[in-house]
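Full structure from sequences and hints, please.
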Amino acid sequence: MLLLRYTAYRLFTMLLTLLVVSAMVFVIINLPPGDYLSNQIAELQASGQSAGVAKAEFLRKEYALDSPLWEQYMIWMGFMPGPHGFSGLIQGNFGWSFEFDRPVSEIVGESLWLTVVVNLAAVLFVYAVALPLGVLAAARSRTWVDYTSAFIGYLGLATPNFLLALILFYYGHRYFDIPIGGLMDPRFEGQPLTWDKMKSILVHLIVPTFVIGTSGASAMMQRLRANMLDELGKPYVETAIAKGMSPSRMLAKYPLRVAFNPFVADIGNLLPSMVSGSVLVSVVLGLQTIGPTLLTALKTQDQFLSGFVLMFVALLTLVGTMISDVLLVMLDPRIRYEGRET
Amino acid sequence: MTPLLSVKDLSIGFGGAEPVVQDVNFDVMPGQTLALVGESGSGKTITCRAVLRILPRTAQFRSGVITFSGEDGQLVLSQLTERQMRNVRGDSISMIFQEPMRSLSPLHKIGNQVSEVLWLHGGVSERQARRTVLEQFDRVGFPDPERAYDSYPFELSGGMRQRAMIAMAMVSKPELLIADEPTTALDVTTQAQVLGLIKDLQQETGMALILVTHDLGVVANMAEQVVVMHKGRVMESGPAHLILEEPAHPYTQQLFNAAPAIPDQQTVGLPMPAEDLILDMRQVSKTYTMRSGRGWKAEKLIYACRGVDFKLARGKTLAIVGESGSGKTTAARIALGAEPPDPGGEVLFWADPDAKPTTVHKMTKAERTAFQRQAQMVFQDPYSSLSPRMRIQDAMTEPLEIHGIGTPAEQRDQAAAMLQRVGLNADMLKRYPHAFSGGQRQRLSIARAMMLDPSLIVCDEPTSALDVSVQDQILTLLEDLQDGHNLSYLFISHDLAVVARIADEVAVMRQGLVVEQGPPDTLFYNPQHPYTKALIAAQPEPDINRPINLKLVALGAGSPDSWSEAFRFTDSMIPSLVELEPGHKVRCHV
Chain Z
1 MLLLRYTAYR LFTMLLTLLV VSAMVFVIIN LPPGDYLSNQ IAELQASGQS
51 AGVAKAEFLR KEYALDSPLW EQYMIWMGFM PGPHGFSGLI QGNFGWSFEF
101 DRPVSEIVGE SLWLTVVVNL AAVLFVYAVA LPLGVLAAAR SRTWVDYTSA
151 FIGYLGLATP NFLLALILFY YGHRYFDIPI GGLMDPRFEG QPLTWDKMKS
201 ILVHLIVPTF VIGTSGASAM MQRLRANMLD ELGKPYVETA IAKGMSPSRM
251 LAKYPLRVAF NPFVADIGNL LPSMVSGSVL VSVVLGLQTI GPTLLTALKT
301 QDQFLSGFVL MFVALLTLVG TMISDVLLVM LDPRIRYEGR ET
Chain L
1 MTPLLSVKDL SIGFGGAEPV VQDVNFDVMP GQTLALVGES GSGKTITCRA
51 VLRILPRTAQ FRSGVITFSG EDGQLVLSQL TERQMRNVRG DSISMIFQEP
101 MRSLSPLHKI GNQVSEVLWL HGGVSERQAR RTVLEQFDRV GFPDPERAYD
151 SYPFELSGGM RQRAMIAMAM VSKPELLIAD EPTTALDVTT QAQVLGLIKD
201 LQQETGMALI LVTHDLGVVA NMAEQVVVMH KGRVMESGPA HLILEEPAHP
251 YTQQLFNAAP AIPDQQTVGL PMPAEDLILD MRQVSKTYTM RSGRGWKAEK
301 LIYACRGVDF KLARGKTLAI VGESGSGKTT AARIALGAEP PDPGGEVLFW
351 ADPDAKPTTV HKMTKAERTA FQRQAQMVFQ DPYSSLSPRM RIQDAMTEPL
401 EIHGIGTPAE QRDQAAAMLQ RVGLNADMLK RYPHAFSGGQ RQRLSIARAM
451 MLDPSLIVCD EPTSALDVSV QDQILTLLED LQDGHNLSYL FISHDLAVVA
501 RIADEVAVMR QGLVVEQGPP DTLFYNPQHP YTKALIAAQP EPDINRPINL
551 KLVALGAGSP DSWSEAFRFT DSMIPSLVEL EPGHKVRCHV
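First to last, the sequence lines map onto chains Z and L.
Just so we're aligned: 81 in UniProt numbering is position 81 of the first sequence, and the numbers increase by one with no gaps anywhere.
Just so we're aligned: 70 in UniProt numbering is position 70 of the second sequence, and the numbers increase by one with no gaps anywhere.
Here are the computed lysine-lysine pairs in the DSS-like style, where the Cα-Cα straight-line distance is at most 25 Å:
#1 K109/L with K253/Z
#2 K234/Z with K109/L
#3 K356/L with K311/L
#4 K311/L with K533/L
#5 K585/L with K311/L
#6 K8/L with K231/L
Keep in mind that the hints were calculated from the coordinates and are not lab data.
Everything numeric in this text was worked out from a predicted model, so none of it was measured.
Below you can see the structure in the form of structure tokens.
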């Protein structure tokens with residue numbers, strides 16, 4: 001009951017935050033002088049192609065780029081009727097990409113959920129690797145287990161991602177026949193989801209997951225190890241041993257539960273940092289994620305496309321923090337009962 | 001009769017250094033209580049942990065044989081495998097630790113943590129375990145066992161958590177209980193109740209008890225056998241009545257002399273003089289609002305101080321006594337101007353006898369600087385109140401630098417002189433705090449407070465983190481300084497025996513209210529308020545013939561609405577302070 005109320009409350013604040021973010025995103029995108037169309041018009045006029053100018057002028061009207069900024073924002077969001085009535089983000093119309101000359105939804109369509117898939121896989125990888133290694137390193141601190149895992153971890157942190165990607169591709173392809181580049185076999189692109197397509201995606205996912213996840217995993221592992229070591233020195237651990245618990249059972253039940261908090265709280269940070277951090281990797285590996293698209297859109301002042309992508313990243317962040325907050329409330333009674341009379 | 005536990009020639013060391021426990025021998029008979037007495041660093045904790053083999057990883061078991069002859073026959077604990085040892089821990093021998101606040105996992109329910117012992121050892125079903133645990137909760141004095149079972153540790157008070165720890169240790173009916181300073185972190189009245197509980201349970205189950213403590217008063221109340229330890233060696237051991245009545249070893253005698261006690265008073269004391277005041281707190285109240293965490297719930301008001309009136313004369317000591325949460329520290333913080341009182345209260349300060357009083361909370365910047373030179377503070381924890389990254393010299397001269405007094409050379413000379421004044425050497429100036437013991441650190445913080453030559457010092461439990469013999473030295477130092485510099489102290493403590501020695505007037509606080517106030521002699525001769533009586537009764541005396549009177553403790557230590565009609569108060573109805581004799585005030589209905 002309490003959890004439900006909390007979730008509802010967090011959903012509400014999330015929507016509010018999203019609203020604020022949307023305004024900021026819009027303003028920041030429009031901060032540089034000019035916009036895509038005015039740049040284009042200037043260019044076309046310079047080269048004397050009046051037909052193009054007419055089209056650009058038409059688009060300007062069509063997307064209300066000639067009205068004041070706040071009106072543009074309201075129209076973009078769908079709070080105010082534009083030239084075609086209410087048709088903004090909340091109505092499901094993501095706008096027009098001038099650069100690609102296609103609707104935004106068409107451009108980002110597949111890469112949107114591929115992004116989610118890649119990053120989810122990376123996050124899962126981070127947790128799957130960091131959890132056992134971190135606990136092991138703490139339980140066997142200052143032994144070869146600890147030192148080895150720390151060494152590997154630092155290697156993972158220190159190697160540039162794209163370099164790791166190239167190395168993995170070379171050797172992966174040579175010895176394990178792992179396909180190079182992309183997120184699926186080219187013949188599946190644009191095809192509906194089938195069993196074969198899924199298999200193809202899974203095989204292609206191996207290298208990107210590893211590349212994007214390594215540094216996150218090693219950082220997370222070190223953090224978990226440090227937290228665990230702190231907890232292992234606490235008196236309640238001694239109490240548990242004095243009860244006659246076996247070390248492994250004790251570790252899992254007591255210190256790990258407490259050390260878990262920062263671990264869970266990191267989900268919120270992990271998602272967005274991976275989306276923005278994986279741009280370079282996506283370019284190198286030729287992944288059809290949203291990162292490279294964002295880069296192009298920002299460079300060419302393609303405002304609807306970049307606005308939408310930024311909003312999407314913000315949404316991912318907010319969803320991540322919300323998941324971690326709700327998980328924390330479930331995991332930690334101290335947070336759950338905060339403010340309750342004792 | 002074979003002893004239940006026999007420890008022979010135990011030696012334990014760290015690294016290549018001298019052993020911290022050396023050739024320790026003792027026996028515990030079934031059903032008997034043995035007290036391991038010693039100050040910090042005496043090796044008593046390491047010794048008792050060696051029995052259960054829960055030593056720090058770096059500790060080396062150098063020699064010794066520990067034999068346990070319980071129901072499962074004779075077990076040589078020092079030679080069992082780790083797996084066999086697990087069956088002993090928590091089942092035949094269990095342990096209670098010092099800090100109830102931190103010895104329970106914050107994330108698991110009390111019931112779960114206690115039943116776990118039964119799951120581990122009894123192999124019983126969850127439901128059976130629950131029933132047994134609920135019975136145990138009832139026996140250790142939880143008013144509502146069902147509710148306690150489903151509570152988290154942070155929902156319980158310190159005393160209740162220690163009861164939960166005791167329940168956890170007792171639930172498997174051990175033959176031996178090891179209690180490592182089980183009451184040191186508790187208020188005196190709670191301590192008395194917890195000790196009484198352990199004793200009752202012991203009588204019921206017939207288990208033996210090893211009680212580790214530094215407090216001879218606790219020993220006198222609990223033990224049949226005593227082992228006195230110092231620097232890892234046994235100084236003296238034998239039956240409690242012999243050691244307590246005629247301590248043979250000089251170290252034991254020294255412990256006795258240092259232990260503070262509440263004196264037997266035959267007369268009332270002299271009230272504090274009302275003229276030449278240095279500090280006057282008038283109708284000081286402080287209310288905090290606690291946010292409920294959820295926006296739609298009402299805020300909760302916490303009355304930290306309610307209508308406190310204190311007058312402190314120059315060169316005298318006013319002590320505020322009370323349990324944690326009684327408002328004593330808040331009152332001191334307001335006196336120093338660290339926090340404003342609620343509207344209506346004011347604090348006056350006289351820098352010297354002829355000066356005009358300044359109102360502490362309405363000072364100009366210049367007045368405030370002058371006031372800060374006059375009023376200084378000594379803190380409770382000598383380990384965290386000195387910056388570990390500052391040399392002693394820098395820490396000592398910093399106040400002078402802030403107030404721009406003297407050249408660096410003069411400042412250094414003054415720091416050196418002050419170190420000698422507090423009983424340390426001038427050549428220690430270049431050291432860092434970690435090179436000093438707890439007692440020396442407390443001398444350092446007193447020296448630092450004295451650097452500006454103040455006239456008022458607020459001492460916030462300055463000795464409660466120290467051993468008794470060190471406490472004795474620090475109190476002597478404070479008395480010396482008071483005589484030499486005509487200092488006034490506002491002395492905060494939870495320990496009536498300490499206060500008995502140093503104070504000219506004592507105010508006993510409970511829930512933000514002063515319940516009784518008067519010269520210490522008067523309070524001990526003629527205590528009126530049930531809470532004062534409980535505090536006095538709960539003080540363990542190192543005298544085997546004067547056990548704690550638990551009935552008196554129970555009468556006064558409960559919540560204010562359980563007090564007898566004349567003293568009862570609730571949030572809406574608070575009796576006023578009534579002056580019984582000169583300088584002796586009690587909060588009661590007349």
